[in-house]
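Visitor: Protein chains in written order, with the working numbering: chain C, 1 to 204; chain X, 1001 to 1650.
If you're looking for bench data, these hints aren't it; they were derived computationally from the structure.
Where hints are given, some of them may not hold.
No more than 30 Å apart at the CA atoms, straight line, and that leaves these computed lysine-lysine pairs for DSSO-like [said to hold, decoys possible]:
#, chain 1, residue 1, chain 2, residue 2
1, X, K1269, X, K1251
2, X, K1377, C, K6
3, C, K186, X, K1583
4, X, K1276, C, K62
5, C, K62, X, K1269
6, X, K1516, X, K1053
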Amino acid sequence: MKDLTKDPITLIIAGVGGQGNVLMSFLIGSALVSQGYFVSIFDNYGASQRLGAVASHIKISKEVSNNSPLLHEGDADIIVGLEPVELLRNLGRFGNPDVMTITNTRPIYPIGVISGEAEYPDLDRALEIIGKLSAKSWIIHATEEALKLGNPIFANVILLGALIGSCTLPLDKSSMEAVLKEQLPKVFEMNMVALNRGLELVGQ
Amino acid sequence: MADIEIDAPETNRLLLGNEAIARGALEAGIGFATAYPGTPSSEIMGSLAPIAKKMGIYAEWSVNEMVAFEAAAAASLANIRSISSMKANGVNVISDFLINLQMTGIGKGLVLVVCDDPGGMASSNEQDTRPIAKWLNIPLLEPSTAQECKDMTKWAFDLSEELGMVCMVRSVIYLSHTRGNVRLDKLPKKKKEAYFADIYDLDNPRQSKFTCGMQFHSYKQSEELLKKFSKASEKCESSPFNCYRGPDKAKLLIITSGICWTYSIEAVKILNLQDKVGILKLGVTWPLPEEFIRKYLERSQKILFVEEIAPFVERSVMEFVANLPPDRSRPALYGKRSGHVRAWGEQSLDLVIQSIASVMGILYQSRQSRSAEYSQKVREISQTLPNRPLTFCPGCPHRASFWAIKNTLQLDGRNGFVTGDIGCTAMGMISPGSFQVRTYYAMGGGVGIASGFGHLGQFGFTQPVIAVCGDSTFFHASIPGLINGIWNQSNFILAILDNDATAMTGFQPHPGTGVKATGELGEKVSIEALCRSLGVNVEVCDPFDIKKTTATLLKIMAGVGGTQVVIMRRECELVRARRDRKKSYQMYVEPNRCIGEACGCNRLCTRIFSCPGLVWDREVGKAKIDDAVCAGCGLCADICPQGAIIREAA
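So here's chain X without its partners, still in its complex pose (with noise of 0.2 Å):
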């Protein structure tokens, strides 16, 4: 929606929070940008392909982070300025490799973006990964507005280069995900030269070490580290995005970074606390800027940290207060240790008013509450409301391969299961997927734990397990767990739910989909060919044919066992209906076939089939189509044992 790169200094654009460090990595002048879809890091590399082309950069969506990020350290070693983002697991995934090039050390400016999800409203987990940046001494930037986002972005780069280290700038969903006033700098117009001279060092080629060989002698790139890090400590004691407001001696000092410090902010206003409370921001959070702190904890007997997710700045200060001389007073400590923050999930700004008011015991009332009536009316409204769980949308062709795993397993009668995997398929846990996924772990977590189950035959394990991913999953992390399956002889069987999209992240193209980041055409890689290269059965299904999909896992689960894999392949609605512009099928409900509770069926359409486009009409006591929200897939036809549901041409 918003254009980063438009040449436009001293202006103000209204840019989401990943959109501002795109924009701040095209100002700091970067060559190379890498990524792989994760909510809610999608939109950096969202915004940055469209226009890598016209803005001389390479950008590409990788096959998964560990790739993106190699990648992108490649350009680095090769003297281009090189960004690679992800969501927070996307660590979990480069970390070896992250920890072995912090050891040697990079070219030009590398930096890591991490887009963390507390409250793990759109992922797996909850995990806060600035903890990394501590154990590998990489320094630490939190930005805490889209303006800072972009220019801490910038500044990243000029730390990474000067360090000859990694930087880390790390987001939380609700910073990536807002928009904000972002005013522009300069886009510079340099010409980039690539050239790998396997050295770090390019001005001082005598005093250069190798990027590789020195394995021999960790001790020494540990001792080469230390001395980088002290450098580090230095830059970072001086960040301009270090910063205090507050009056000279505080009541209490808020010590904060990231999002964190805007609530905090705004809490302190709205408790009409600012002469009593300071705040004292951190753009660095590791290396702490110790001197820095040092200065503004004397000011003050009480300390209240307010961050997100873990007591990550907490524990540094406190190592620090802890090393403070002996005759130094010690201020009390108050965060998620004491109990006055809340340990886990996010953030926001009533929690921290009342971190605030309860370290202070003051009393505090919004303006609901204010009024006794009126809040009390509306916590009664608030209870009668549905909720919204997550389901497949309207059309998705997962609910049709979940409606077939399930009728598979039934009427197998062993009581099998599927063993999931992250994505749109992990639905399958919940109504929509009839409850049908048991496990679910990490990308390619499904087949490897299905590989595992597949080998308990021995203990009189007879459960048939099926693995399930989707296709991006497929190519991410699956590959590896079908090769031990089949070279090891597990049974179980792997079904790729293949709809030709990235589709829960917001429709990324893969090896499958042969398209590049940048739209344009790329090497189209074949699931089936690369599976029956292994020598593995594939079959491939429509899932809308619902009875040959069944069919076909019957026969596999009645056959010779081993590893199968079966493909279930339709397109992913949304992806179909963005293209065609119109409905595949009219639908409607012929009310003379349909004969409501009279049918025996126990209303399986709306029930158990629970399409949001396919609704029970209460009044009439029979199923009916909400036109508004139907995607016309035609699939609901098939389901109805009255065969009252009717699909037309559209």
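Same shape as in the complex, but just chain C (with noise of 0.2 Å):
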């Protein structure tokens, strides 16, 4: 098992309802798990089954096996946005001078936006902002790499891939294969393909 840059290492996954939150930090926590770490996962979802602001919010520690499920204000080492805003919401509760940021570029409209009532910030800008609020941050088409693969569900695998390929977590992708194998076997080969393009994507 490898040592902790700090202990918890806290990493908020920011979305919105039905873009494969509560999955994709349960693969997270299962891989870790399998790595000898203790992990705590608390998905924040609202009341409707989509479309609401969904953040997990998940704590990886080497000694501590009771951790509680939130994360305090500033106290995010990681945040993986699947949507923009999402990631700048949480970013401003959770942010600090030291945050790592992987970024989803595709948003998905409020239903505030879509009546005229809110207005959306400009993406571009939005993600200047991002690398600026953040000590480093990767920016991924996941959601356009997904459709590149015939479904833009894979945009999470992409994510993961490129989370694990910026090093930010003591995450290998030997034991996310394992776990992807084991909970999702049918599509198992399409994932890696993804898992391996979200590598590719941050370099590595």
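Now that you have both chains on their own, put them together as the hints suggest.
Guide: This is the structure in structure tokens:
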């Protein structure tokens, strides 16, 4: 088991209901547990099945088995955004000058934006701000890449690949591979293509 | 996702709090499990039902919490360990039965699991269920981690059996929905045999009391219960789940329970106060382990209570402190009553840090706020971000139903309104439901309250009333209200929005689906046959046929009055999509036909209809389909006055 740069290491996965936050945090957690770490995950979603803001709070520890489910203000080490505005929202509450971020660039418009009552920020400007507010940041066109593989749902596994490749977590590709095989055997091969694509996109 | 039935003792699994509760029940050797879906409790039955057959247990989604708990009690009386799980509101529904069962006692271990929702994120209210345990003298266990969810549930069965009474395990959303490492124990292999002896002490039949028949001597039952309860107090004093962590003499003693224990430990560590602050964790919060608390009370002059939601432990300890001998010194008590702990909503690490810092008189700065420039910047950005309010999913039949209801009430012109109910249909009170729902209380409340409005005609009341409920809600608690309306000749329409699932809590089946919790086919109960048997007129329509649905509602509203039923039936889009795995239609907006703001419809499609898959393209000034979000239901093609939205077979 690798040593941690700090204990616990904290990760947030920010997205929109229906994007697959819960499965993604479960895959990361299962891989880390198989590597011997203590993990806690809280998937913060509201009442509706779809399109609410979702954030998974993940704490990874070598020593402490009873970490609380929530991060506190300014305490994220890493934030992965399945959607740019959700990354910004979590950066607002949990960001700090040392935070590292991985962002998908595909927006999902809130209902207020659709009805014209609210405004979605300019995407290029939003990505620029994310870069400025992160110590290190990776911008990934995960949904576009996933569509090339035939289904937008692969975006999450591409981002998983990017997360592994970013080396921000003690997360091994081999343990993730084993978890993908166990949990999603039917789409294992496609998922490995997506995972490798994610690794490539961060230069691994 | 997790396999809770795996027989691999001593291994570590990543389990959800609710899955760990289910695993604890398996390790305790349950034979019977019942539940009604409700966030945040649903994953307990959700993980037990699929493995029930394999594990030789009986598992059911019951029609409501009351029946669920009654059925579980039956198994207990017949010598089978049994668990019943529900959300906080479910306890309100079972309370009458629970009160009476607690007076007579049980057979084999019977555990009631209640998952509270502090903050009411997924509930009609926020409600602390713990006071019912104190009221009825029920042992109350509060796990703090996923590991404890398993271990305490298992222990609760032993305790329940030894005391001959129900035990209550209380979780909260932040525990039920948190995954953590759980070290597994063995699964028992003992064969179970059911037999009802009409007694609850199977080992000593001569000593036993009847489960009924003593009702003429209720005072004797009370006396008996108090005896049992004093035994419970002894057991809870020595509970392995009570613990203390901290210095011998602490400047501040935190008394906490449940998930708040983990916040307290982390907060003390973050504030670097490990040498000054002690933490007393109560695994059992009723009966209060008084002797255990007494030992630690003497070590500190200041006590802070950290708990969710009500000041429950705080008040119990206050009663205890008030009873201390007059010569004892009394510590200063801080908590919800003193204003040092937020008295409503959920707790969080941030809040607990603030509470401790304020009592200790220290200043705390987060990693973010230490850099003034950074925190200033993120604060500015945060203020500009659009929120994501609740909405019906793309393709949801309820959007169509409420569209028809709104049109009908507008055309009728008598200022009619909707009385709402629990579940996805409740979103009729916000924009995607065109703000039609005006009352919203409890399961079955919509039809009950409508039956009252419908009798106000003699006082000049002329507004049409439509009670709306979902299909699962109809079976749960709406039938008595409907019968009441029919019997007493009230004037209202009951619209049952039948989407063939208990959708909001995760698509669980119900009597109308005919599928049982285990996935096997059961007997299907027909909503319309049931309603017609009551002698009421029933119309069935597809809400996606907006014209016909509106016409049907208008016809009924202009008709003979009395109690009427309309079933608006279309399968939940998420259920359909999971099964069919493809869209029904490929949708697009024909740019030449959409004339944008010039249309005069005032952006009816995106501003009013507000489906997340149909968006307004600001640059072009026209509507467009967001293909990644659109479910392909085809409904929006019928609402565009220009016919610019096109559906093509997918």
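Visitor: Now tell me, hint by hint, if it's right for this structure.
Guide: Against the structure, the hints come out as follows:
A threshold of 30 Å between alpha carbons decides the hint, and for K1269 of chain X with K1251 of chain X the separation of about 15 Å falls inside it, so the pair holds. Between K1377 of chain X and K6 of chain C the alpha-carbon distance is near 26 Å, which keeps this suggested pair within the 30 Å criterion. Restraint check: the Cα-Cα separation between K186 of chain C and K1583 of chain X comes to about 21 Å, which is no more than 30 Å; the hinted pair holds. Only pairs whose Cα atoms come within 30 Å are accepted, and K1276 of chain X paired with K62 of chain C is accepted, the gap being roughly 25 Å.
Restraint check for K62 of chain C and K1269 of chain X: satisfied, since their Cα atoms lie roughly 16 Å apart, inside the 30 Å limit. With a C-alpha separation of about 12 Å, the suggested pairing of K1516 of chain X with K1053 of chain X holds against the 30 Å cut-off.
When the structure is compared with the earlier hints, no violation turns up for any of them.
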